[in-house]
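Chains as they are written, first to last, in the numbering used here: chain A, 1 to 1688; chain B, 1689 to 1863.
Be aware that one or more of the hints could be misleading.
Chain B is nowhere near these chain A residues, computed Cβ spacing over 12 Å in every case [stated by the list, open to error]:
| no. | residue |
| --- | --- |
| 1 | Ile-337 |
| 2 | Arg-385 |
| 3 | Gly-576 |
| 4 | Lys-641 |
| 5 | Leu-709 |
| 6 | Ser-753 |
| 7 | Thr-852 |
| 8 | Arg-968 |
| 9 | Arg-973 |
| 10 | Lys-1085 |
| 11 | Lys-1601 |
Covered stretches of chain B (chain A as the covering partner; in silico rule of three or more C-beta atoms under 8 Å from a C-beta of chain A) [said to hold, decoys possible]:
| no. | segment |
| --- | --- |
| 12 | 1754 to 1761 |
| 13 | 1774 to 1780 |
Just so you know, these hints were derived from the structure itself, not from any lab. Note that the Cβ used here is the ideal one computed from N, Cα and C, for glycine as well.
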Amino acid sequence: MSTPSDLRDKLRKKRRALQESLGKVKDDTQALVPSDSDVTKENERTAVEKLTGRGDDPGETLRRSLKAQRMKKKKKLLEEMSMEGPPEEEMVNEEITAVQELQHDQEEHSVETLAEEGRSVRLQRDLPPLPVARADSSLSESSMRQRMREKLRVARSKAASLLQQEASLEQPSHLRGPRDRETLTRFDRETDLDVHEEESSFAARVKFRDAARKATRDKRTETGLPTEEEAYKFFTFNFDPEPQESRRKDRAKKKTRSTDDEENEGEEDEEEEEEETGRARAREGEDESRERDEDAPLVRDEEEDLFIIDQSAKDFLELKKADYIGYNRRVLREREIFFTPSTRPVPASCKLPENVQPRYLEDEGLYVGERPPVALSNQNILENRILKEDGGKKWFGDDGRILALPDPIKESSSRPPLYHLEEELDPALQTVYRKPLKSKYVNRYIAGVGDTQGDYQLDVDVSGLIFSHHPLFSKEHVLGARLAQLYDQYLSRQHKNLTCLLTDKLNGLRNTIRNMLELHSGEGISHVTQQRIAEYKQEVRHTRQLRDTEQEKDRTLLKSIIKVWKELKSLREDKGCTNTPYKLYIRREEIQRALDEQEQEAEILAEVAELQAESEEDYERKLNEYKRKHEEWKSWKKKQKTLKKKQKQRRQQSQDVDEEEEEDEHSEEELGEEPVKPEAPEKPDIAGLEQQVREKAAKIRRKPGEPVLVPELTASNPITPNEACPRGEISRREDVSKRSLFVKVLYNDKEVSRTDSRSLNMDFRVHFGQIFNLKIVNWPESIKLQIYEGVSSSSSLIAEVCVPVPESSVLTGSTPSEELEFSSNQRVTFNHEGVGSDVPVSFTNDGSNIQTLLTSGKLSCCVSWAVGEDDIPLAPPSTQHGAGMHSGLRQMDAIACIGASGLNDMKRLGKWAAESRLDPNDPNNASIMQLLSVASGGEVVAPDYFRLEQLQEEFNFLSDEELERSRRFRLIRLRSQEEPEFRNFKTIPATEREISEKVFEEYDRRLKEGEVIDTKEHIDAHRALVAKYLQKVRESVINRFLISKHHYILSDLVVEEEVPSIGGPGQGVLGLNLFKLAEPKRPLKPRRKERKKVTAQNLSDGDIKLLVNIIRGYDIPIRKPHTSKPAAGSKGARSYTETFTAASTSQTALQASEWPLGQPVIRPFVEVSFQRTLLQTSTAEGPNPCWNEELVLPFSAPNGDYSTSSLQAVRDEVFISIFDEVLHDVVEDERERGSSVHTRIERHWLGSIKIPFSTIYMQSRIDGTFKLGTPSVLLGYSKERSLGSEGGYDAIRSLSEGTFLTLFITIEPQLVPGDSIREKMKDVKFDTQEVERLLLACEIFEKDAGQRYPDRPCVTTVVDINGKTVFITRFIRPLPPPQELLDAFPNNSQEATELVVRYVSLIPFLPDSVSFAGICDLWSTCDQFLTLLAGDEEEHAVLLCNYFLSMGKKAWLIIGTAIPEGPTAYVLTQEQNRYLIWNPSTGQYYGQHDTFCPLQTVGCLVNADNVWFNIQLYATPIRMSFDVTKPKFWKPFFSRSFPDPGLSSVQPEDLVYRRTDKAYAAELQDRIEKILREKIMEWRPRHPTRWNRYCTSTLRQFLPKLEMSGGREVAEEHRLELQSLLGDYRISGFPLHLPFSEIRPIIEAVYSTGVHNVEAPNVEFALAVYVHPYPSNVLSVWVYIASLVRTR
Amino acid sequence: MAELHIIGQIVGASGFPQSSLFCKWGVHTGGAWRLLSGLKEGQTQVDMPQIGDTAYWSHPIDLHYTTKGLQGWPKLHLQVWYQDSFGRCELYGYGYCHIPSSPGQHRLQCATWRPLGTWQEQLAQMFVGGGPQLRSPDLIYSGADRYRLHTVAMGNVELDLCVILRHFDRYGVES
C-alpha cells in the first residue's frame, strides 16, 4: 500500500474505474443497444475470463468474480434507479462531452477547473468525501495535492463568482441529489473494486485491448457520419444557448473534478516517475496513447464494466431515434453517386465521331419521316445521358440526332378497345343468359330439352276476317262479293300487266330474230347462230301462246265484270233497295281507229307469217320422218320376202316336223314385228292459218277501233236506309246486327286464348286486330284458329283454320299477314232475304241460274316467332335435337338469314338457283345472288376437307397403322367397348408379346360371320339362316333396350334401409316386432329366419354356392331280369281320358312275381352336374328311394362378373340325372370267390331333369316334385307299381306316368334377383300402333293387378319381333294345323290332337330370357315362329292355342309361372267339363287336379277377345276355378265400361306349310348317325368300340314305330322282339327323342346318358337314328342307343 | 406406343358463394390421342356440405390414353354448377387445367371463373337465378381471345391426379 508503485497502480485503477464508469454512462447514452451488446459482450468476457482465471486460482477467482458481479448488479440497479428520465441522461451526456473536451485540450484545463472551482460553493457537499478518499493517499503526495487543490479552489471560486452572475437560478435543485449520490456510490464501488481488479484484470487485458481497438475502429468509421452528439447538438443548439453549455461543462467538471485531480496528479506522477521502470513505462505509454486517443479510455473501461453490469431488460432494449440524414447532407452525398444529365444542348461535335461533319439526309433529298414531337429539354437530357455511356455515340445518326423511327406509334392499336363492341363479339365469346335449368328428367317433354333457350314465343296476330259468303248475305251481297272479287282479280292482273309484258317480249324477240337474219343476210349462218335462231323461234312461239291466253283471260274477266254489274243493277232495281255500296264505273278510252287497225293488222300478219314458217318447218320435219320410216318399212318388206322364199324352199326340202314348227314360230315372230306403214304427212294449210289467226284475234282481242274499257269499282253507292227497305230486308239486317264473331286460338289443340267478340257489320267484314303472344313450352304441333259466330249468348263454330307452324326464320315484324280461306258446309236457311248457306239460290227472277253457296271467307292472320328485346328470335332451333354444345353457332347460319332455312348446302343452293333461273337483277333475289357470288367468287371457298392439326404428322411418334397393330391396345379398347368376348377380361398383359393373336380369333370370326354362314355347325342351311336372323333380331333388340338398361333410377344406386315404423299397412315393422318380443320363446318350434340378401357387387368366385337338396324319388323304373318271359298285356288303344282315370295296374302283379325274393330291384343314385362339377348322392335302394342329401356345388359367374345382368345371362343348367348302379361280378375264377370280391360298377341312365340356372336365380329357390325326362323305352327296366298297389297312393300317383324327383334347390347366399325387365320397361316407350286409350287401360290394368297380386303375372301388351307394343289378344286367332296331321287320324280326334301337340312340341325351344338376357320377351307371330323354327314358351303356346281353336276346342292361353321355367305360357282347353292344361313345349298335358302339374300360378287367361286376370284366393290350378264368366274369380280387361274396340289380329289368315323333303330327312339321318358314331368312339379313347350291326338294324326298324306311336310305350313288343333276337346279351339302352335344331344338342344328350361309359371288355354298342319329317321342316329325331354285354 | 394413365379424383370445390355444387367435367385431347378405356367426361353428384363450404365429390377419374404425338396433351375442363333449393341448376364456374405431364401424384387446384354479364343480368341473377353462360363452352379450353370477356373469379376445384407415363422415353420424351 505504501509503495509508490502500488500507489500509482491504485491511482491508475481508480482513474480507470472512473473513466470506465463515465464511458459506460456515455455508452448508455450513446446507444442503448450497443452498450447492451457491450455489456453482454462483457459478460461473455467475464465468462472467458473466469475460464482463463481458473488456470491460476480457479476457486478464488470464481468466488471473487461472483462477488464482484453481485456487487455490480447491486450498483447497477441503484444507478438505474437513480438515473431515470431524459434530463438525467442529458446531464450525463454533458458530462461526457465535458470530459472529452478536457481530454482534448489540456491547456484549457485550468480555466475550466477554475470554473469548476467557482461552482464548488454550490457543491460543497460533494467535496468532503474527497479529502476522506485522499486520506489514504501518501503524505508526500498530499502536500502537492494540497497545493493543487488550493489552486483549483482559487480558480473555482473565481469562476464561481463569475458564474454566479449569470448563473441560471432556474437550475433544478432536484438534480443535485441524485448526482451527488451517484458520485458517492461510484466512489464507494470503486474502492471496493480495487482489490479484485488487480488480480483479475491482468489476464483479460490482452483480449480487452483487442476489443477496445475494435471499438475505436468502429468509432472512427463513424466519424465520417455525424456522430450522435453532433446530431444531438444540431437539434439542441438553438434551444440551449451558450450559458447552458458552460453550465453543463461546469457540472461535468464538478463531477469529474476529483478524478481530474487525480488524473492530473497521476499524470504528473507519471511524468515524474517516468523513468522508473521500463515495463511500467511501456504500459504507461500505452495508457497514455490510449488516453490521448479520444475513445481509448472509454473502450478500455469496458473491461471493468464486465463486472459491474449484468443483464436486465434494460440491457437488451434500447430506445432509438428514427434514423435521419439531413437533407443537405443527403444531397451532397447523392451528388457523389448520382449523375444528373444536364438539360443543355449537346454540341454536335460530341455526338459525332471526330472530324465528321453532320450529314443531313433531308438536304440530300432523301425522304425522312417526321419525328414525333419531343420536348427539347428531354431530348437534351437523353443525349447527355447517352453520351456519358460507353459507346454512347452509336446511338446517334449521321445528322447528329438520336436514331429514331420516323413514327414509332403503331397506326392501329394492337389491342382493340374493350367496350362498345358487344355486338361484334366473337361468337365463341358470347355469353347467353340462361335461366336456372331444371333437371333434365323433370322437363323431358318440354321443347328445347337440354339447352336452356326454351324461352320461345309465338305471336299470333288475328287481324280480321272477310266473308266471301255468309248465310246472311242477301242476293245483292252475293253478287257484290262476286263483283268485288272479280274486280280484285282485275286489279291484280292490271298491276302485273302480263299481257303488255309478254307483247313487249314478243316484239323484242321478233326484232332480235330479224336483226340476226339481217346481220347475216342469209349467207353463212353458222351452226351456233342457227341454233340460237331456232331457240329464239321456240321462245317466240311459247311467248305468243302465253300472251294469247293472258289476253283471253283479260277479256273474259272484263266481260264477266260487266255481266255481274248488270245483274247487280237489275237486282237492285228489282228489290227497290240497295244493300251494298258497290258501284262500277266504266271508263272508255278512245283511241285512234286507223292506227289501231294498222297495228292489229301488222300483228296478225306477223303472227301468220310466223305460223307459216313454223308449220312449214313442221311439215319438213314430218316429211323427213316419213321418208326415213318409209325406207325402213321398205327394207323390212324386202327382207320378209326373201325370208319367205327361203322358208318355202326349205319346207320343200325337208319334211321334219320339228323343224317346221320351229320355222313356223320363227316366221310368226318375224311377222309380229312388222312395222306400221307410215302415212305421208299432210301439207299444211297456209290459207287456213290466216283465217285461224283472225278468228282467234277477234275472240280474244279488242276489235280494232273499239274503245278500251276500264272498269272502276267504288264503294260510293248509298245504301238504302232500313226504313226504306222491304220487310224481308229489314229482318235480314236486324239479324245481321245481332250476330257477333270471335276467334279462338288453339295451340296443340288446346284453347289458349280468344279474341273479343265483334259484331258483324253490314259489309260482312270483322276486324279484330289482336295479337296474342304465346309463350310456349311444348313443341308446336298445330296452331288452329276457330271462328265462332254467336247470336246473343249462344255461339257456334263456323269454321276451323289451321295455321302452319312457322319456320324458325319467320319472325314477327317481317312477315306479312296471310289470308287463309275457310269455309263451312253448314246448312243454314232463313225465312228472310238472307240467302243462307248450302241452299240453292237463284239470282234471276225466272228462277234459273241456281247456285249453291257455302259459307266461306278469308281470315287474315299471321303467326310468327317473336323477336326478343335484343333481336334474338324467340324461336326454337330448327332441329330440336342435336342442338347441343354448338347451338350458338348454328344460329349464325348465313342462309337462314335470308329466309331460306334448311338450304345449308352451298352447292345445292347454287344448283337450285341455276335451275330456277333466278333473275339476278331482281332485288328480291339480291341476297341470294350475293351469297352465290360470294360462294363461287372464291372468297369463301370451302375446300372439301380441312386439316385439323396440320403439323401433327411431323411430330408423330409413330404411324396410325402401328398404333392399330398393337394387340394390347386393341384388347383394352375392345374390353372397354364391352364386346362380349372381352367384356370381363380382368387383366390385360402389360407387354405386347404376352398377348397372342389367338385372342382375337373368335372376335374376328364373329365379325366375319356377318356374311358367312357356318353350315357345318348347323347341318341345315335353312336353320343356319334362321340362327342368323335371330341373331340380328337379337342385336337390334339389344340395342333398343340398352338405353333402358342404362337408365338408372334412384333405387338402383342407393340402397335405403327401410325406416322402422309403427303401424302402416303391412309395414309396421316395429309394431309387429314389439309383439314378437312379448312372445314366449319356444326352442322346439324353430322359426324360419329370413336369409339376408346379398347384392351382387361384392362377390367373387367361390362365394356363391348352389345347394341342391335331393329328397326322394318316386316310381323309378326297376330292373328286369333279362331272362324274362314275354309279358302279357300290351296296352290297347288308349285315350287320354283313360290315362288319368284308370290306373294301369294290369301288369304290376305279373311283374312282381317275376322277381326273385330279396334281390335288389334297383339301386338308384342321383348325379348332379353343374358347371363341370359332378356330385352324386349315395346309392339308395328300391323304386321309391329316399336320399335326403344336400349337395353343394360351387358357382362361378362367367368371367367373374357378378353383376345382375351377367347373372341373368348365365346359360348354365343344372343337370340332375338318376342312374342305376349295377354291380357285376367280375371274378373269373370261381375259386377266388371265397377270398376276394371283384365287382365292376356300371351305371345305367334312367332319366334326367335339367333346370336352368337363370330360373334358380330369378326364383331364388326351387322346391317341388319334378317329372324326370325319361326315355319312352328303357331296355332292361320297367315301371314297377306293385309296391303300393293296395294303398290309396297309387290312385293319385298314377294319374300321370313317369318318374318323379323331389328337389329343393337354392343359392347360398341368396342373391338379389335383378329387376324384372318389365319394371324397367315402363320407362321405355315403344313404337306402337295401338291406340293411346288402350295402352293407358293396359297400364292401369297391369298396375292394378300388380298391386293386388304381385306374384301373379299379368300381361296385356307384349313386344313383337319388330319391337312394337302389341295387345296380347291380337296374337290369338284360329289357325289350321297342317292338314296331314289331321288326316293321320281322321276318325280319332284325340289322336289328332295329340299329334298336333306333338308337332308343336317338336319345334325347337329357344328361351328368350337367355337370348335377350335382361331384356324382355319378344313374341313372334305363328308364321314367323314357323319360319324361324325357334321360340320359347309363348310362341309354342300361342301356336298350340291357335291350332286348338281352329280344331273347334275352347282354348285359352294361360299366363302363369311354372317350375322350372318360371314365368311361362301354357294352354288351357275345356274338354267335356274338364279343364286340361297343356305344356306346349313338351307336349305334356295335365288335368286340372293333377298334383304333378308344373304350373304353379295362373296369372291370367287370354283368348282372342279378352284378357282375364285371376282375382281368386288361390292361384294354383288345383284350387281354382277356370270359369271366366264369373266376375268374382276373373277380372276381364274388356268390360262393359271399356268394350272391346274390335282389335284385328296380327296373325296371318292362314299358315302355309311346306312339305319337308323325305330325302333330305334321310340324308340328315345318315349324317347324324355318322357323327354320333364318331363321337362315341371318340369318347372311348381307351377301349375299342364294337358295333353290333344286327342289333342296330333291329333298332332302326323299331324307331319309326316309336314315332308312329307318338313316343308311347310300345316297349313290350319291342323288348320281346329284341330279346328273342339277342337272347345272349344283356341289353341296356333307350331311345332319345329330340326336336331337331342343331346337331350339338343331340350330341350333348347322348353324352349325358353316359352309355359310352360302359367299360366291360366285351361290350358292344348299337346306335340307330331316325329323322321323321313333319311339315314346314319340323323334324323329329330319334336316337336309339344301347349297350350290349354278352352274358355267356 | 406411349401410354398415359390418368387416375385420380375430383376431390371437391371450395370458395364458391354457395356450396350445393356439382361438377361437369371432360377431358379434351388433340387428334393424336386415343382413348383406350375409361370415361372421358362425366358429371358428379350434387354435394350439399353441412359443415364447411367445401363440396366433396370424390369423383373418380380413370383414363387410359395412348398417343402418337405429344401435341394436344389432355386438358381437363370443368364446369361447376350450383343447384338451388328448387332443384334448379345454374352455372357457377368454368375451369380448365392441363393434366400434369410429369408422372406421379399431383394435387391440383383449378381456379374457376364465370362470365359476368351486364348489370341487368347480374340483377336478374341475384333475384331469379340463372346467369350468363358461354355460347360455346369450347372456349374453356380453346385459346381464343378472351380479353373481351368480363368474368368473375369463383372458387377452386381441387383435383388429385396420378399420372403414369409409359414408353414415352422410347420416343425421346423424358419424363
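Hints, one by one, checked against the model:
1. Ile-337: 43 Å, holds
2. Arg-385: Non-interface label on Arg-385 (chain A) holds, nearest chain B Cβ at 36 Å vs cutoff 12 Å.
3. Gly-576: 69 Å, holds
4. Lys-641: Answer for Lys-641 (chain A): holds, closest chain B Cβ roughly 78 Å.
5. Leu-709: Correct as stated: the minimum Cβ-Cβ distance to chain B is 63 Å, above 12 Å.
6. Ser-753: Per Cβ check, Ser-753 (chain A) is outside 12 Å of chain B; nearest 26 Å; holds.
7. Thr-852: Holds, because the least Cβ-Cβ distance between Thr-852 (chain A) and chain B comes to about 59 Å, which exceeds 12 Å.
8. Arg-968: Arg-968 (chain A) not clear of chain B: closest Cβ-Cβ about 8 Å, inside 12 Å.
9. Arg-973: 6 Å, violated
10. Lys-1085: For Lys-1085 (chain A), whose nearest Cβ neighbour in chain B is about 48 Å away, the distance exceeds 12 Å, so it holds.
11. Lys-1601: 61 Å, holds
12. 1754 to 1761: holds (count 7)
13. 1774 to 1780: holds (count 6)
Checked against the numbered hints above, the structure violates hints 8, 9; every other hint is satisfied.
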